[in-house]
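These protein sequences, in sequence, are chains U and B. Straight run, no breaks: the first sequence in my numbering ends on number 453. Straight run, no breaks: the second sequence in my numbering ends on number 453.
It is possible that part of the hints are untrue.
Since copy identity is lost for identical chains, a pair holds within one copy or between any two.
[Stated by the list, open to error] Only pairs whose alpha carbons sit at most 20 Å apart, straight line, appear in this in silico EDC-like list of lysine to aspartate or glutamate: (1) Lys408 x Glu296; (2) Lys341 x Glu354; (3) Lys342 x Glu354; (4) Lys234 x Glu350; (5) Lys408 x Glu58; (6) Lys231 x Glu381; (7) Lys274 x Glu354; (8) Lys231 x Glu296; (9) Lys408 x Asp163; (10) Lys231 x Glu354; (11) Lys342 x Glu296; (12) Lys341 x Glu167; (13) Lys231 x Glu79; (14) Lys408 x Glu350; (15) Lys408 x Glu79; (16) Lys274 x Glu299.
These aren't lab readings, by the way, just hints derived from the structure by calculation.
Chain by chain, the residues run as shown.
Protein chains: 2
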Amino acid sequence: MFNNIKPGQLLVISYALVDLVGTLLLTLPFASTNPGSATLLEAWFTATSALTVTGLTVVTTAEYWTFFGHAVILVLMQIGGLGLMVLATITLSMLGLKIHLGHRVLIVQDRNYFNMSGVVRLVRSIVLLTLALEGVGAVLFALLLPDVWSEGLIPGLMFVVFHAVSAFNGAGFDLTGHSLEPFRYNMGINLAVIVLVLLGSLGYVVLQELFLVRKWHKLSLHSRLVLLVTGIISLVGSIFYFLTEYSNTLASVPLTHKIVTSLFQAVTRTAGFTTIPVLEWTEPFIFLMILMMFVGASPGSVGGGVKTTTLGTTVLAIWSIVRGKKGVVIFEREIAPESVTKAFTVMVIAGMLAAASTLVLMTVEHLPFMPILFEVVSALATVGLSMGVTVKLSAFGQVLIGLLMFVGRIGVLTLIVVLTGIDKRRLHYMKEDILIG
Amino acid sequence: MFNNIKPGQLLVISYALVDLVGTLLLTLPFASTNPGSATLLEAWFTATSALTVTGLTVVTTAEYWTFFGHAVILVLMQIGGLGLMVLATITLSMLGLKIHLGHRVLIVQDRNYFNMSGVVRLVRSIVLLTLALEGVGAVLFALLLPDVWSEGLIPGLMFVVFHAVSAFNGAGFDLTGHSLEPFRYNMGINLAVIVLVLLGSLGYVVLQELFLVRKWHKLSLHSRLVLLVTGIISLVGSIFYFLTEYSNTLASVPLTHKIVTSLFQAVTRTAGFTTIPVLEWTEPFIFLMILMMFVGASPGSVGGGVKTTTLGTTVLAIWSIVRGKKGVVIFEREIAPESVTKAFTVMVIAGMLAAASTLVLMTVEHLPFMPILFEVVSALATVGLSMGVTVKLSAFGQVLIGLLMFVGRIGVLTLIVVLTGIDKRRLHYMKEDILIG
Ligand SMILES: [K+]
Ligand SMILES: [K+]
């Protein structure tokens, strides 16, 4: 059936098709609350943002879309978060169909797994883990927000499930109209979101190992590097937020709130939630956020960016050069030279793409530098934070940001492999490697 | 005498010593025009800016320093432009002393030459070429500026020589008080500066080949890549300036002036001269300038930045990946894999250094993002353009910018080699390579 299409190309085409279906559903008259229906651009931008779990919006999700619209966005977020191939596997498996090799290659490519053995079992455990964690999140939200049922059972259920799915998949969509700002002083919600987003950003390989292995020195090199870099970024980001915002946005709250809010913003850099609007932050933290967004989440997770392992590998490699060593060593193991090369390549490609997009967007939109750079990095790393320019963009700007989200979800390296045709040997080769990009 | 000091460390120490001597000379009471004398920080910043041929200033060169001060700056620019090792070789050679191997290694390292054979002859031709081109520049300036002798022969000579040396060495220092803005409508001066800066930015290897070989297909891979990338950046930069500034800073001048001014700014991105202040440009061009400064000049030249060959190599490498090719090929020759790895590494290290410095400076100085980023890249790439924040910096900020200029002149990779000890085999290994960084 698809004999003439390379597996990687099929992946991109599949995402584009789901994107198209989502777009069409959102253009239906009963998807939007305003008379008539949403424009094609509004629907496409929203569907793309949901499918790529980015969270940038040109219309206010809570007000603009109906219950049906919210359901479409919810499903798109879940599809995007799990990954199309995981869902296809489940469907085929439930229908009792055989999962052939070409399909396995796709799953590996879509989710960046190490190897292709036991794919179906792995996929099942991914789905179960996802649903379990999202379920726990929804229950927590229900317990922590007693007011949520005021409009009835169904809207209440939608509210807690929507935010649990949005948090675990790092989508950053909300039904409040103002991200999680209404829950700024609700420390329970803050902590629940921190845990959900953090777990979602680690990637299934790491989550699985954490559940099964549990001992630090028995974890794979990949998992230890992911945990180390994620920990350092979260800590540095929190401390920086705490110090720079201490007498700014954190001035009026007690110390525990200051600490939790700082941790919240450092962790949800991959999800795109805020409890304090970006525009109220100091410029140094906004710039740090641009850098942290650029780094993004971990490979095999729902998040984008160049990935924590890419940053870790390049920093270790530079440290090796400074110390005059040949190999890049951490935890008494050497990172494969091919992974090191790949890490530097991903950094430069992503940097060039962000710089070029920023230049084009600045020229076309006549908007200031920092908000545009912020928006571009937010889209490319599928973060969803914004300095408020998304709604000000021209149609051209919206299409460019939409395409960046799409590229960010697929990943620059995967996209390049797709353009050139997949090399199966390369996938096998990566078996013992760190995952990059 | 220096048996315990590695050659590379000697290089850095030598630059630091010259920097110190320059600083002390500028603190002499008769170096500055104001009563008393310049502060140590003002003197150090100015000496470092001159020695690294950057051109950033915390005081107005024309007004703040005396004729003696201008002479010190002139000599520092010439030392920095030629390179300390070239000068040391000439001195030893004139004294009839033997140039031993360790010294040859230093020259190679300081100026990024391909090999160590015929170093003395090469050094002589470099000095002759430099003096000849600076001489032609000075004569041109004298002819194009008849008013220059109004204050007498000596000040007139100083004026034309100072600007010729400043232009060919891409230093960007001026004696007008407002860069080359007074000559904004003098097309002759514009063109003379364009030619001097362009020749200075190519590097001696390329200049030598251009004078001796002259045929495109007989030029080395290195020279062809330098000319290609320099040409593309100059052209793209000019066209972008022309289009974005057409109805802004270029609105009131005739078409030839528009074209020359556009070319001027794209070319003197490595020198740091302006005919129109940076703050009057549109933001898109300011951002493009940040990117062009980051790229900088060519290896073995007086300019900084990651270098034209580094950009060329990374872009070609990415293009190879997109096309699914293994090797990086241009002009029917393959760039050595080691050069490709080095290019990506230089890009990432420079990018990280710029980002980290920007973050620190923003936090300390409480100045806006874009001017700080501009300043940091300008210092690290020894460009010398500014959005006007140099004078607003605290002592800490000035020291940081001064250190960035120093790192920029030595080069990140050289500095790393210096920290780790020089590997002679590595120098030999580079014999047939493209020069990176
Ligand atoms: K997101
Ligand atoms: K300069």
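Hint check results:
1. Lys408 x Glu296: Close inside one copy (18 Å), not across copies (25 Å); limit 20 Å.
2. Lys341 x Glu354: Answer is both: 16 Å inside a copy and 15 Å across each meet the 20 Å cutoff.
3. Lys342 x Glu354: Close inside one copy (13 Å) and across copies (13 Å); limit 20 Å.
4. Lys234 x Glu350: within (16 Å within a copy, 43 Å between copies)
5. Lys408 x Glu58: within (13 Å within a copy, 45 Å between copies)
6. Lys231 x Glu381: neither (51 Å within a copy, 45 Å between copies)
7. Lys274 x Glu354: neither (42 Å within a copy, 48 Å between copies)
8. Lys231 x Glu296: Neither way: Lys231 and Glu296 sit 41 Å apart in one copy and 59 Å across, limit 20 Å.
9. Lys408 x Asp163: neither (34 Å within a copy, 52 Å between copies)
10. Lys231 x Glu354: neither (28 Å within a copy, 39 Å between copies)
11. Lys342 x Glu296: neither (46 Å within a copy, 48 Å between copies)
12. Lys341 x Glu167: Classified as neither: same-chain Cα gap 64 Å, cross-chain 59 Å, threshold 20 Å.
13. Lys231 x Glu79: The answer is neither: 47 Å in one copy and 68 Å across copies each exceed 20 Å.
14. Lys408 x Glu350: neither (48 Å within a copy, 46 Å between copies)
15. Lys408 x Glu79: Only inside one copy: Lys408 and Glu79 sit 18 Å apart there, 46 Å across copies, limit 20 Å.
16. Lys274 x Glu299: within (18 Å within a copy, 36 Å between copies)
In this structure, the hints that do not hold are numbers 6, 7, 8, 9, 10, 11, 12, 13 and 14, in rising order.
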